[in-house]
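Given the coordinates of chain A, assemble chain B onto it according to the supplied hints.
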Amino acid sequence: MAKRSIIPFGPQHPVLPEPVHLDLVLEDETVVGVIPSIGFVHRGLEKLVDKRDFKQYTYIAERICGICSCGHGLGYCLAVEQIMNIEVPDRAKYLRTIWVEMSRVHSHLLWLGLLGDAMGFESLHMESWRLREKILDMFDATTGGRIIHSVNQVGGVQKDMDSTMLNDILRAIDEIESELRPIAKTFLHDYTVQSRLKGVGILSKDDAIAQGAVGPMLRASGVEYDARLLGYGAYKDLTVEPVISKDGDSYGRCEVRIKELFQSFDLIREAIGKIPQGDISVPVKGNPDGEYFVRIEQPRGEAIYYVKGSGKKFVDRFRLRTPTTSNIPPMVEMLKGCQLADVPILILTIDPCVSCTER
Amino acid sequence: MDDYRSEIRKISMSEFFPAIVHMKTDKWRLVQICATTIEGGYEMSYSFCRGYDMVTLRLEPKEDEEVASITQIYPCAYIQENEAAELFGVKIGRIKPDYQDRLYRIDQTAPFKDKE
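As given, the protein sequences belong to chains A and B, one line each in that order.
Each residue of the first sequence is one higher than the one before, counting from 1 in the numbering used here.
Each residue of the second sequence is one higher than the one before, counting from 1 in the numbering used here.
If we strip away everything but chain B, and leave its shape as in the complex, we get:
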C-alpha cells in the first residue's frame, strides 16, 4: 500500500479555493470530504485521487467561519458538503443544491458537533 502517494497537506482559508481549482485543472477527482470536530472549530479534509495516488487538503475553519462550497468546481461534492453541514454543523456557503437540513431525515440538529 506504500507504493502510491498518500499525503495530507494543510492549507489556509485564503489558499483553499485556488488549491481546489488547481486540483481540478490538474485532473484530480474528488473522492471524499471528511469533517472532524476539533477545539474551537472543525477540521475539513478534502481528498482527491489521480490514478491510484491520493492527496488530502486539510482546512481548519473556526466554529463560526464559513467555508466556501466547492460544488462550482466539483459538482458531486454536494452530498458530502450537505452531510458535513447537517451532521457536524459546519457552515458551508452556496452549496448547490443546498438541502437545508433535509438530506438527513433525523430529529437532532448537528448530532456529531460536540464530543461527549
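Here chain A stands alone, though its shape is the one from the complex:
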C-alpha cells in the first residue's frame, strides 16, 4: 500500500526566485494533491488607489512587477484612457508596442535561463541570461531604467525615441536573434532537455480551457488565443498570429515561448518600420468617471485591468487579474499524478510571477 505524506514546497526553494508555498500530498513519490498559499510578500498595491491620484497611480502600476513593468503601466493607462475617451497619438501607440515587445523578449529569455538552471544545464542558463543583458541595455538606453521604465502616462508616453535609438534597437535585436538560434536549437532538440520536458505535465486543450489557463500555457495546449489580437497599442497595424503547440506538455510550453521570441523580433522590426512621426502625448483634462475592463497580452499571458472612477481625482477601484493567478488552478491540476522530482520543472513551466500575483 502506498505511503501517504505531505511535503512542504517553498516559500524558499532553489527554483523559485519569489516566495510561494505548496503543500504537496504524496503517495510514495506521486503527487496526488496540491494546496497552494501565497501572500508572503503581498504589497496591497491595488489598495493604494485610495491614496494616489489617477495620474500618479501609473507609477504604482509600473512597479507591480519588474519584468512586465511597461505592460502594467500600459494596461492601467488604457483603462483610464477608455473611460475618459482619450485618443492617444499614433506614435505613442507604436512606442508602447515596441517597449512591451522588448519586455516579452526580456521575460522569455529570463524564463529560458531559469529553465536551464532548473534542469542543471548551466550553460543554457548563462547563455540565455547573457542575451537578456542586451535587451536590458536597450531598455536602459531608451527609458533610463533597466527594470522599471516609467514611460507610460495617461494620454501617451513620457519619452520618445529618435532614429538613432530605433536603429540601435534594430541592431540589438538582429544580434540577439542570431545568437539565440543555436540556443533555441539546443532547447528544442537536445536529448537531455527533451527527456526532462517531453510528455511531462500534460494539460489537455479541454483542461486548459476549463481550468482557466492563459498565455503560453493555454497556447501550448493548442488553443489559438492571443489578446494582442484585440488590437490595442499598434497591434491593429501589425502582423500577430497566435503561436501554438499541440501536445500540451512542458516541451510545448518551452516551444511556444521560443517561437514567441522570434515573433517579438519580427513585431519590433515591423513597428519600427511603420512608426509615424508626431506627438507622443495629449493633454488630459478632468477626472475619470466610469468603469472599464482592459485585456492585454503580457509575456506570461492575458492580464485584465479594471478601473472604476467617479469623477474624483482618486479612482474608486483598480483591479489587476494577473496571468499567474489564472495559471494556478491549471498548475494544481497538472501537478496531480506527476512525480515529486518533476515538480520544480512543472512549476517553472507556468512561468510564475509571484511579484505580479502579490500586487
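Honestly, the hints are just simulated from the structure, not real lab data.
This structure is a prediction, so every number in the text was calculated from the model and none was measured.
Heads up, the beta-carbon is just placed ideally off N, CA and C, and yes, glycines get one too.
You may find that some hints are simply not true.
[Stated by the list, open to error] Example chain A residues on the side facing chain B (calculated, C-beta under 10 angstroms, incomplete): (1) 46; (2) 292; (3) 302.
For chain B alone, kept in the frame of chain A given last:
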C-alpha cells in the same frame, strides 16, 4: 479595441446562478472575478470571454449576504473566490476547495474591506 464586445450586465441574486449556468452552456470561459467594496456591501464582477468578446455579470450583495460559489460550474473560480473572501471579507458559500483564510498568508483579516 472597440471592435469586440465588452459589456457589463447587472443581475440580481435570484438571477445569479441561472445566469452563470447559461454562460457555461453557452461556452463562455471565466476570466476573472473582481470584488469591490461599496456602501453597505460589495460589488462582485464575474467576467467571461468567448473568443475575444467579454461580458461581465455584476452582482451587488449586501455586507452580510452570502453569495453562492460558482466552483461547481467553473472549477477554476476557487482561487479568485478565496481571494475575494480573504481580502475583502465577501461571504461566499461552498467554495470548493475553501482555504478558510489560508490562501493568503497575511496577518490582517479582510484588509481591503474598508475604504480609508
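Comparing the hints with the structure gives:
| no. | hint | in the structure |
| --- | --- | --- |
| 1 | 46 | holds (7 angstroms) |
| 2 | 292 | holds (8 angstroms) |
| 3 | 302 | holds (7 angstroms) |
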